[in-house]
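Protein chains: 2
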Amino acid sequence: MMTRKEIAINKLKSLGETIIEDVSQNKVPAVRVPSRGTSNIVYDENRRHYVLGDRYGQRSLGNVKQIKKIGQMVYMANFCKQLVEREKTATLRELYYVSEGWEVEFGTQDESNIVGEDLEVTLGMTREDLGLMPEEDGASVYGDLTIKEDDLEINALRSGKSGYTISPTINEVEFVDHNVQRVIAVETMGMFHRMVQESAYKKFDTLIVGLKGQAARATRRFLKRVNDELGLPVYICNDGDPWGFHIAQVIISGSAKLAHVNHDLATPDAKFLGVTASDIIKYDLPTDPLKDIDVLRLKELLKDPRYRYETWKMEIKKMLKIGKKAEQQSFSKYGLEYVVDTYFPEKLEQME
Amino acid sequence: MMTRKEIAINKLKSLGETIIEDVSQNKVPAVRVPSRGTSNIVYDENRRHYVLGDRYGQRSLGNVKQIKKIGQMVYMANFCKQLVEREKTATLRELYYVSEGWEVEFGTQDESNIVGEDLEVTLGMTREDLGLMPEEDGASVYGDLTIKEDDLEINALRSGKSGYTISPTINEVEFVDHNVQRVIAVETMGMFHRMVQESAYKKFDTLIVGLKGQAARATRRFLKRVNDELGLPVYICNDGDPWGFHIAQVIISGSAKLAHVNHDLATPDAKFLGVTASDIIKYDLPTDPLKDIDVLRLKELLKDPRYRYETWKMEIKKMLKIGKKAEQQSFSKYGLEYVVDTYFPEKLEQME
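Those sequence lines, one after another, are chains X and H.
Sequential numbering of the first sequence, starting at 42, is according to the numbering used here.
Sequential numbering of the second sequence, starting at 42, is according to the numbering used here.
Extracted from the complex, chain X is given alone in its bound form (with noise of 0.2 Å):
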């Protein structure tokens, strides 16, 4: 089996081979690009995640306009190449910058991420696989989890109480041992640590991971790998609001922006665990009332093919009714432990 390296590689090079052929034959060089307008995203109800379409839009050296997009996208697939092939990484604002060298060049960085974009459609490889980075890091693990970087084992359990930190490069790390049964990930890193201080991870013999709001790439990339390669059924436990709802929707089913990369990044198994409005009335929990914008966002979630299940759609309409929202934090209200010591136990019971 090729290494997800040795993939990149080649699809790297047969870019530029398509183009030299083209030439070879006197054909007019082009290169298909899968379009991602909105009309050629579409919610995959096997995959139960958001695909790209089969539409695809053509860049040809015969169109003058289209010239500097393909000499830009030889570049940056010339320049991650070298990259992938000397095991180093770039930022896509290091990437901008060296650009400013090449023939080619880029007005704005947006510019230069779009056409990051284009590399990754066109391959249908995340941009991470290409040696591309995002400035950020993942999630905090924390568990009984070993993984090797390199040379490196690292156990979860053994790297901190803010656990072990999610790198861009998660791809490349080997999972070499476990010993949890679940994973399950809270949305503030305020959860985490009363986890951590709880001993969550030996009473629910859980890893336990620290999203830190909306989950990186990074992060939905170790979530699936963790539910694929591991088996372990991942439950989210995220604010009950809109934007809690959504934060656990994207992991699971993914966005429609990455729709080229959700059959990398979405865990179509991961569970919302909660808070959900249900939770609210039956625990009784400290609430905000909902603001226009959250009632507003509630209303699209209802109509977003995502949320398209029974569970879900009742608990949109009833969070509509209460008219309220709640953090997860808000368990506080009954003490500290409250949240590990009772909480968690009753859900988990309730979704296995």
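Simulated from the structure, these hints should not be mistaken for lab results.
Please note that a few of the clues may not be correct.
Just so you know, same-sequence chains aren't split out, so a pair can sit in one copy or run between any two.
As the list claims (entries may be wrong) - Once the Cα atoms are required to be at most 27 Å apart in a straight line, the calculated DSS-like pairs of lysine-lysine come out as: (1) Lys189 with Lys244; (2) Lys374 with Lys54; (3) Lys365 with Lys340; (4) Lys243 with Lys189; (5) Lys374 with Lys129; (6) Lys46 with Lys374; (7) Lys109 with Lys54; (8) Lys374 with Lys122; (9) Lys243 with Lys129; (10) Lys244 with Lys129; (11) Lys388 with Lys129; (12) Lys122 with Lys110; (13) Lys388 with Lys354; (14) Lys374 with Lys110; (15) Lys354 with Lys332; (16) Lys388 with Lys365; (17) Lys109 with Lys374; (18) Lys54 with Lys359; (19) Lys243 with Lys388.
Predicted model, so just to flag it, every value in this text is computed and none were measured.
Got chain X; can you put chain H on it based on the hints?
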């Protein structure tokens, strides 16, 4: 010598004892709270950071308006005492929800945050010493430093590519061993990963600290401790713009808002390594023009006592003159390795 924990418990107890003593002597109980109004925040030339002046406010139970504030403060102090005794921590958010069960209520979290600051300033300790933690973790650290959290030894060279994460409980961490000559803190995680990848920790015998923008309190405490306790010089490399300057300056001289705890957070001997206006010129870096808000901010800095040294004034004036700013990642114009192979060695030689 008393541990910080013992000091915290003593101070919390004596707050209550003062009140009880007043009552038993038939006096109206009152608490002296140092004023943190702007007129009481002064730059201390000897300590080289902001401190609070000697103005106090009196919170008296004889004043109807102040009864609730004192009640909240005593409840919070009691909660903190329990936290410290039980070796637990809580986020400010959790504290706010816990207070729902108290007989004195907080209208909003802003209100409970302010009482938390009152407690800090009255006792002269950081709220972290009192068990109250911020939500967010601190910086990432990479390099040959071994620390001890409870019984667990962790080496920051063996915590993964994203390094060891400074947790809000950094005060309880013990420095066990190290094999470095200095500390280089950088503003972005992009630069952090670049330095890890180019083995900067070996080349410069350095710890690498990824600040992630404005340094968290835990990060500032960490930098102060490695400077004080291990005698390591601290260098800060940020973007070459007023915001990068100020991220460095807050590490060096503390912030006005935290004048009451700067003695625990400021590292007056830390040095700003770059990116300076002189660097922009010398290295012919890719730049962006200063925006109006940048110019405004630079002019503010010129009036700030923390920037009174000639080198700072000269660099600020030079930046205003060239009208340009540059990001730290812009060195990639000369290739990804340039910043580590050329820029850092040249700057460190100048400064050491």
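A quick look at each hint next to the structure:
1. Lys189 with Lys244: Cα proximity of Lys189 and Lys244: in one copy and across copies (26 Å, 24 Å).
2. Lys374 with Lys54: between (59 Å within a copy, 25 Å between copies)
3. Lys365 with Lys340: within (14 Å within a copy, 46 Å between copies)
4. Lys243 with Lys189: both (22 Å within a copy, 21 Å between copies)
5. Lys374 with Lys129: between (48 Å within a copy, 16 Å between copies)
6. Lys46 with Lys374: between (50 Å within a copy, 26 Å between copies)
7. Lys109 with Lys54: Answer is within: at 20 Å inside a copy they meet the 27 Å cutoff, but 71 Å across does not.
8. Lys374 with Lys122: Answer is between; shortest inter-copy Cα gap is 18 Å, intra-copy 54 Å.
9. Lys243 with Lys129: between (37 Å within a copy, 17 Å between copies)
10. Lys244 with Lys129: Between copies only: 18 Å across chains, 40 Å inside a chain, cut-off 27 Å.
11. Lys388 with Lys129: This pair counts as between: shortest inter-copy Cα distance 25 Å, intra-copy 43 Å.
12. Lys122 with Lys110: within (18 Å within a copy, 63 Å between copies)
13. Lys388 with Lys354: The answer is within: 19 Å in one copy meets 27 Å, while 59 Å across copies does not.
14. Lys374 with Lys110: between (56 Å within a copy, 21 Å between copies)
15. Lys354 with Lys332: within (19 Å within a copy, 47 Å between copies)
16. Lys388 with Lys365: within (20 Å within a copy, 55 Å between copies)
17. Lys109 with Lys374: between (60 Å within a copy, 20 Å between copies)
18. Lys54 with Lys359: Answer is neither; intra-copy 53 Å and inter-copy 47 Å both fail.
19. Lys243 with Lys388: For Lys243 and Lys388, the Cα distance is within 27 Å only inside one copy (17 Å; across copies 48 Å).
Consistency note: the structure conflicts with earlier hint 18 alone.
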